[in-house]
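Participant: We have chain A; now place chain B onto it with these hints.
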Amino acid sequence: MNYEPEKMSLGEGDLPCNAAGCPEPTSPARRRWLGWFGALSALLASLAAGLPIVGYLLSPVIRPRKDLWLDLGPVSDFPAGATQLVKVENPVHQPWDGKSAQMAAYVRHSQAGEFQVFAANCTHLGCPVTWFPQSGLFLCPCHGGVYYENGERASGPPPRGLYQLVHQMKDGRLLAKVGHLPTLQDPA
Amino acid sequence: MPGRLRQIATWLDSRLGFSDVVLPILRHPAPSGSRWWYVFGSATLTMLVLQIITGICLSLVYVPSAAEAYTSLNYLTYDQSLGWLLRAIHNTAASGMVILMVAHMVQVFLMGSFKYPREMTWVVGVALFVLTLGMAFTGQVLRWDQDSYWGVGVGAAMVGRVPYLGPALVRLLLGGTTIGADTLSRFFTLHVLILPGLLIISLSVHLFLVMRHGVSEPPVAGRLVSPATYDKQYAAVLKRGEPFFPAAVMRDMIFSAWAVIAVIGIAIAVGPKGPALPPDPSLISAEPRPDWYFLSLFALLALCPPNMETAIILIAPVIGLFSMVLVPFVAGKGERSPRRRPVAVLTTLVLLVGYGVLTWLGNSAPWSPQMDAWSGEPVPPRMLARVTPLELQGAVVFQNKTCRNCHALDGSGGRRGPDLTYVASSLDRDELIRQVIQGGGNMPAFGDHLSPSEVTALVAFLQTLRPSDTAPAASAATGPAPPHKGNRP
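Chains as they are written, first to last, in my numbering: chain A, -18 to 169; chain B, 6 to 494.
Chain A extracted, bound-state conformation (with noise of 0.2 angstroms):
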């Protein structure tokens, strides 16, 4: 099919082309409301389609999921004087999170009858670190963080102590508050 363009319908105010060319296909007022209605349209199906996608992509940091409180067991199972590893299932967790919804936590009860609820990610950079009874002290792995039994910091590379979870007491169990990786500005 060939082109013909004088039979192609024209619009108010058009002329057809002639051996001269096309003239102007509109008058320049229509042309700029065409502009104005078309970048207006532009924008309302940005917003429409944007607004959504954006909330969703921004979800994690707009509502986030809240820490909830985890039972560790009961008190008597942490004597006086001793710093025990609890693993225990991160009750903020997807089903689907496999092994990586386990955590671990450092419940120290001291003489005073004291209770510290360390999260066992090194202040420097999150590596696990790990307890030694023998010495009292907490090693990291990474970068060499080491850390007092009460969780001041000791030596090595980290800006501050061990992060420490909210805990209570509530009819004879150990209660603490968990759920978020803790990082330096957001921790436990």
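Everything labelled a hint here was simulated from the structure, so no lab data went into it. Honestly, I wouldn't trust all of these hints.
Said to hold, decoys possible - Computed Cβ-Cβ distance ranges for the label pairs, DEER-style: (1) A:31 <-> B:312: 40 to 46 angstroms; (2) B:64 <-> A:94: 53 to 59 angstroms; (3) A:39 <-> B:352: 39 to 45 angstroms.
Note that the Cβ used here is the ideal one computed from N, Cα and C, for glycine as well.
Facilitator: Then chain B, alone, in the frame of chain A:
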């Protein structure tokens, strides 16, 4: 029939534009005399193609779910026919791609190929560099094992240091508040959709610019690049050039082919990497190490002064990238030959040697305690050959209090602190007691964890640690120590 076939071929050619568009690109003249220096870029591209093909193959079996990924990796490695080899090739070719990309950048930098008119080719190349390293990091995360899990943790800890935005960025990185299913899913998306998409787009622009400005001619010392004259000079060079296809491309083909053969050979010999232990954060004995690309960063973060650390993590990469982008705008004209550009040559050498040394240090990690040395490395028997019961008790204290995790004896044990084989030659009794009880100089204080009798025994043992023919160290305050046999027979 041949006539009919030719008719079809002519029709296709006229509609697809092969002779009009593609052939001139293939046959465009390239400067002659480039020799073998120019083969690294095309070899990097070849590695990318190999990565795309093996990556697609692996994704046929790999399950990007936190609960299944580890199982499917083990299946790929041990059950899936040739799965181990494809994993090995993907891992080896990743290393190959990074190495060849750096070789390409070094060649372009040293030969001044980034200068007028190829500034934007370099800038897009810097984007490709960043994207390729992004692929390396995200790929490491998909190997959803212990190292991978803690690798993300380290990444989160680094991002978490950004002022104000840290916590929000951590959640964006992890896809939530913990490292888990959402984290793996987004790293999978990054590794197989987002980054490859950006990589292919950037690569297309890069290649388009290579075609638009032509391959740079080998530099000649004294022939300066000036925007006023370069285009004419280059046109003259091209008149003496050779067609890219089939002449210049042959060297690229041969080099790329042998690069692929080397990758397959190494993959067969070395095998796939991991998966190591499962990504279970309650397995507290993990000793995470990054893949080799990032060992230098791992080392830097152990060795830099703590007060500079956040700056090194957050600001240094920005400065580094900015400097790379600025290179062609600062030095876009003038001399191209490395013989007349000592600053460029020295910068390259310092960067490469620095990266190499940091990688080597990251691999040996002398700053990390040896976590099992206290129970796994006995005190060398010759050190106990002629000791008193008190000194022997001290040796037991030395082991049991995990001193050995940071202090080597005769070279075995941790290297976080000094090797104590001859410590009594440099510290006297009082200094040893003070060091043990108060710590200092990066050593924790042990005062709360040692009874006075343990300190006495430990220091008595430490005082035997010196060559047999020398007296123990003494200070003016305490006077010379009583004569005592050393530990060397």
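Participant: The structure should be examined with respect to each hint, and the outcome stated for every one.
Facilitator: Taking the hints in turn, this is what the structure says about them:
About 42 angstroms separates the C-beta atoms of residue 31 (chain A) and residue 312 (chain B), a value consistent with the hinted range of 40 to 46 angstroms. In this structure, residue 64 (chain B) and residue 94 (chain A) meet the distance hint of 53 to 59 angstroms, their C-beta atoms being roughly 55 angstroms apart. Taken as a hint, the range 39 to 45 angstroms holds for the pair residue 39 (chain A) and residue 352 (chain B), whose Cβ atoms sit roughly 40 angstroms apart.
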